[in-house]
Amino acid sequence: MPTYPGGPPDGDDNDGPDFGSNRPRHGSDYRNFGGNGRRLDHNTVSYAGGLVNTWDNLPVARSAAPYRIRREKTGQFNPDEVDTSGTGMITDGKNITFTDIYAFKLRVKSLIEEPATHDEAAAQIASFFQTLLGGSAPLWWTSELTVEDRFGLRKGGLGLMMKALIKQYGPDIAHSTAEYNKGKLRVEDVDEDPNAVTRWIQHKIRYAKSAGILNPDNSNWLGVLTQVWARFDLAIKRVIPPPDEADSLADSALPTTQIKSTQITQINSNSQLK
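Under my numbering, the first residue of the sequence shown carries the number 5, and numbering increases by one thereafter.
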């Protein structure tokens with residue numbers, strides 16, 4: 005039985021429902037990031053009226069480690085690009101543009117996950133954070149945020165910078181719920197892309213998390229994934245088994261399998277039996 009390519013994309017439970025439909029947009033009040041004489045604590049800060057923890061408490065200080073992250077390796081977040089594939093990212097050669105804020109977050113987290121280089125990698129990404137923003141995002145950073153806002157975010161480190169970006173551009177609950185419930189994974193989708201199952205499940209799980217359908221502690225992950233699996237074409241269900249409660253969340257959290265060409269042939273053959 006293949007590892008089921010589902011589950012929440014990461015273990016951070018504080019970036020979904022917390023950033024729902026009441027997030028600030030234009031004219032957002034970010035004064036609590038350090039302006040107006042308020043003290044900015046590194047571990048817990050007052051953000052738009054509520055307390056949030058910084059993302060993994062990432063430090064700002066640069067280390068002397070000979071480790072470098074190229075900007076192009078990180079990719080760019082552009083909320084205005086049109087993503088026709090629905091995967092949350094657009095690839096053009098070596099260039100990657102993320103239209104989905106949670107897909108961008110996953111990319112950033114993947115670059116800082118090595119313990120030996122974690123601090124240095126986080127500090128480097130924070131240092132060129134503004135250059136990773138495209139479309140309307142740079143205008144938000146330079147114009148909607150004040151100098152004090154940006155100072156507070158930089159002082160808080162990469163984690164707080166990402167929290168602010170997610171709060172600004174994360175989908176609201178109504179939109180996330182609609183995206184989670186929309187569509188069906190078709191045989192034609194799998195025929196065109198061997199990674200279609202993985203991409204589709206990740207897309208649904210991101211919206212389930214931001215809509216609050218997936219509990220903050222991931223306790224209902226099996227039910228959520230079962231609902232996602234239920235929207236597969238019958239031919240795909242005959243090849244990809246449903247999630248099993250015997251699997252741990254850790255086993256289901258990362259996409260570890262592709263649908264191979266032989267399985268695509270089998271799916272197409274099964275589709276004739278519907």
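Any given hint could be a false lead.
As the list claims (entries may be wrong) - DMTMM-like cross-link-like pairs, simulated, lysine to aspartate or glutamate; straight-line CA separation at most 25 Å:
(1) Lys186 with Glu85
(2) Lys188 with Glu118
(3) Lys113 with Asp96
(4) Lys188 with Glu85
(5) Lys188 with Glu152
(6) Lys188 with Asp87
(7) Lys159 with Glu183
Said to hold, decoys possible - Quick list of simulated restraints, FRET-style, between CB atoms:
(8) Asp248 with Phe132: 39 to 49 Å
(9) Arg242 with Glu148: 44 to 54 Å
(10) Lys188 with Gly97: 43 to 53 Å
(11) Gly90 with Ala178: 37 to 47 Å
(12) Val86 with Ala120: 34 to 44 Å
(13) Ser131 with Pro245: 23 to 33 Å
(14) Pro142 with Pro119: 29 to 39 Å
(15) Pro245 with Leu143: 39 to 49 Å
(16) Pro246 with Glu148: 42 to 52 Å
(17) Ala250 with Gly139: 23 to 33 Å
(18) Glu85 with Asp176: 27 to 37 Å
(19) Glu85 with Glu192: 35 to 45 Å
Calculated directly from the structure, the hints in this document are not laboratory data. Small disclaimer: the values here were computed from a predicted structure and weren't measured. All C-beta atoms in this analysis are idealised placements derived from N, C-alpha and C, irrespective of residue type, glycine included.
Item to complete: Could you work out which earlier hints the structure fails to respect and list their numbers in ascending sequence?
Response: Violated hints: 2, 5, 7, 10, 11, 13, 17, 18, 19; rest satisfied.
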